[in-house]
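Listed below are the residues making up each chain.
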Amino acid sequence: MSEADLTAPVADVGGPQQPLLAVRGLSKHFAVRGGLLGGGGVVRAVDDVSLSVGKGEVLGIVGESGCGKSTTARLIIGLIAPDAGEIMFDGEPVGDRLSLRELRRRVQMVFQDSYSSLNPRLTIEDTIAFGPTVHGVAPGEARARAHDLLRKVGLDPALFAGRYPHELSGGQRQRVNIARALALSPRLVLLDEAVSALDKSVEAQVLNLLIDLKTEFGLTYVFISHDLNVVRFISDRVVVMYLGEVVEEAPVEALWADTRHPYTRALLAAMPSLDPSRRTEQAPIAGDPPSPINPPSGCRFHTRCPFAEPLCSARRPALLPTGNDGHAAACHMVDPASGHSRAGKDIKEQAHV
Amino acid sequence: MSAIAEDIVRIATVEKTRGYWGTVLRRLTRDPVSVVCAAILLAIALAAIFAPWLGLADPLQGSGIRRLRWIGTPGYPLGTDDLGRDMLARLVYGGRLSLVLGLLPVALAFAIGTTLGVIAGYVGGMVNQAIMRVMDVFYAFPSVLLAVAISGTLGAGIVNSLVSLTVVFVPPITRVAESVTTGVRNLDFVDAARASGAGPMTIMRVHVLGNVLGPIFVYATGLISVCMILAAGLSFLGLGTKPPSPEWGFMLNQLRTAIYVNPWVAALPGVMIFIVSICFNLLSDGVRSAMDVRG
Chain A
1 MSEADLTAPV ADVGGPQQPL LAVRGLSKHF AVRGGLLGGG GVVRAVDDVS
51 LSVGKGEVLG IVGESGCGKS TTARLIIGLI APDAGEIMFD GEPVGDRLSL
101 RELRRRVQMV FQDSYSSLNP RLTIEDTIAF GPTVHGVAPG EARARAHDLL
151 RKVGLDPALF AGRYPHELSG GQRQRVNIAR ALALSPRLVL LDEAVSALDK
201 SVEAQVLNLL IDLKTEFGLT YVFISHDLNV VRFISDRVVV MYLGEVVEEA
251 PVEALWADTR HPYTRALLAA MPSLDPSRRT EQAPIAGDPP SPINPPSGCR
301 FHTRCPFAEP LCSARRPALL PTGNDGHAAA CHMVDPASGH SRAGKDIKEQ
351 AHV
Chain B
354 MSAIAEDIVR IATVEKTRGY WGTVLRRLTR DPVSVVCAAI LLAIALAAIF
404 APWLGLADPL QGSGIRRLRW IGTPGYPLGT DDLGRDMLAR LVYGGRLSLV
454 LGLLPVALAF AIGTTLGVIA GYVGGMVNQA IMRVMDVFYA FPSVLLAVAI
504 SGTLGAGIVN SLVSLTVVFV PPITRVAESV TTGVRNLDFV DAARASGAGP
554 MTIMRVHVLG NVLGPIFVYA TGLISVCMIL AAGLSFLGLG TKPPSPEWGF
604 MLNQLRTAIY VNPWVAALPG VMIFIVSICF NLLSDGVRSA MDVRG
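Those protein sequences? They're chains A and B, same order as listed. With the working numbering as the guide, the letters of the first sequence map in order to residues 1 to 353. With the working numbering as the guide, the letters of the second sequence map in order to residues 354 to 648.
Source of the hints: derived by calculation from the structure; they are not laboratory data. Be aware that a few hints might be false.
[Said to hold, decoys possible] Simulated restraints on C-beta separations:
hint: 1; chain 1: A; residue 1: Ala158; chain 2: B; residue 2: Thr376; range: 29 to 35 Å
hint: 2; chain 1: A; residue 1: Asp96; chain 2: B; residue 2: Thr382; range: 57 to 63 Å
hint: 3; chain 1: B; residue 1: Val497; chain 2: A; residue 2: Ala158; range: 56 to 62 Å
hint: 4; chain 1: A; residue 1: Gly25; chain 2: B; residue 2: Phe491; range: 54 to 60 Å
hint: 5; chain 1: A; residue 1: Glu64; chain 2: B; residue 2: Ala392; range: 19 to 25 Å
For clarity, every value in this text was computed on a predicted model and none was experimentally measured. Glycine residues also receive a C-beta, built at the ideal position from the N, C-alpha and C atoms.
Could you put the whole structure together from the sequences, leaning on the hints where they help?
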């Protein structure tokens, strides 16, 4: 492919059945330097994470802050190098058949902080045109493309193209960030808390914009958020992370209807309800998540889990399918052969014990 | 969007969007201290540049009978020095060398230090360690001592003092450039630029440099006065310019013997050094606050 048509959409390779993105055994550990007397440790930010994203799908990733959601996104786009694991994009292994530079045409990212993700010294059009220029598009053409994208994200180029980020509101800046991400015609867009910093009315507008753009450009999203309502609204499938691990994975409605992992249950129970008769009176889980430096042994949730047994701190549960609907959970209670006293029972019955 | 909101947008765009530096310049011209300092510096610089056309006396022509005249003597508005040379002419002509010795080393050090610091800060790791530890070695010496040592080794002369002063100012500028760059490289827009497939050189040029040049520039302007004083010091010690060409530091040295005979005239070169360095300092403070534009 010549440099000139680099911003043209990338052709599909493996057909609709092949996942657009498949991540296997992804790990990233950060060394923490200790004080004078040593005592450093290793932060297991992402530990053996596997997930796949189908073509045209929206995969939600949820979890508390510090659970490795953002690190996972940065690993996927290659902003940080993984310690272990492999990433396949449309069947092509990254780093092997697909170079990092090529991957970054196919995958783009929208960051949470709309202000720090825009260069304060560049005008809006220069920011959007930067990516295409890097890939060899002529400056004039890149600018025309930037104007076109501004229109697509609902900003009038005549008013906004020459402005600087500090002259825009938060919602406008995030629209610019989305336009910048789309400038390279990616197939997958990683939305890392992309709407979390916006106020509710603007958030709704940007979410609707994202849905429209997805249809228009045939995009696939990985939507990372701590806001379960938003994830439920936009996602087709949801991955729940806890302390750098995937604990549950399910189609969005199945996750709400048939929660398998006690952590997911606690998360869902912690969602604020607008119905006064369903008021949450008691915190579903106590305390903060344990430090990811030297995380708990076995199942990492055992320190906060109401169903924890000695087995849970001894052995790490694998992510096992719980049915044929793509629902999987990493909990000993899901595996009938695990030896947990509640193994194989429905978690909903257990809730009332 | 409602009609009112559209109107607000339209009104906002009528005020023409100017670039960042345009805003800085506008804010700077509104600060009276900065304007006065800039005017004084401009006047001194212009006088020095156009000295031969100002109808001044010959700064090198002495006289055995008109030595150490007081300020205000008819024909010698600022008196004469110990060799009977006109002080006004010598001060104006002296500005040529003194300003060059104050500005050029800082300008050179700004170019070298910014390059090194931005590379060290952006690349990080071993490259950072290598560059910054070498700078630390230079830092270990007090700046005056280092300038004297290098000048002493290279020998007296204007070019040698320029070289030694440049070497003195590279480490502090590198250090500032490195710390500012380290702050900028962790911002999301640098990650976004990396994610769009840009190489390190492109990112440093387009995204880092524009955001770090301002603070480094302000720091460097503050060094101009220090540099002038150091240059004057080198000349004072006989390591800079050679007689008879006038240079403020060297003039101060020569006239120190006359301090009891005619203290006002003897202090004049020092007054010039003082005025120019304080103007540069106040101006750099003004630029610093003018650049503090926030959304």
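Checked hints:
For A/Ala158 and B/Thr376, the Cβ-Cβ distance of about 22 Å falls outside the hinted range of 29 to 35 Å, so the restraint is violated. A C-beta distance of roughly 58 Å is found between A/Asp96 and B/Thr382, which places it inside the suggested range of 57 to 63 Å. Between B/Val497 and A/Ala158 the CB atoms are about 58 Å apart, so this pair conforms to the stated range of 56 to 62 Å. The hinted range of 54 to 60 Å is not satisfied by A/Gly25 and B/Phe491, whose Cβ atoms lie roughly 48 Å apart.
Against the hinted window of 19 to 25 Å, the Cβ-Cβ separation of A/Glu64 and B/Ala392 comes to about 59 Å, which falls outside the hint.
The structure fails hints 1, 4, 5 (numbered hints given earlier, in ascending order).
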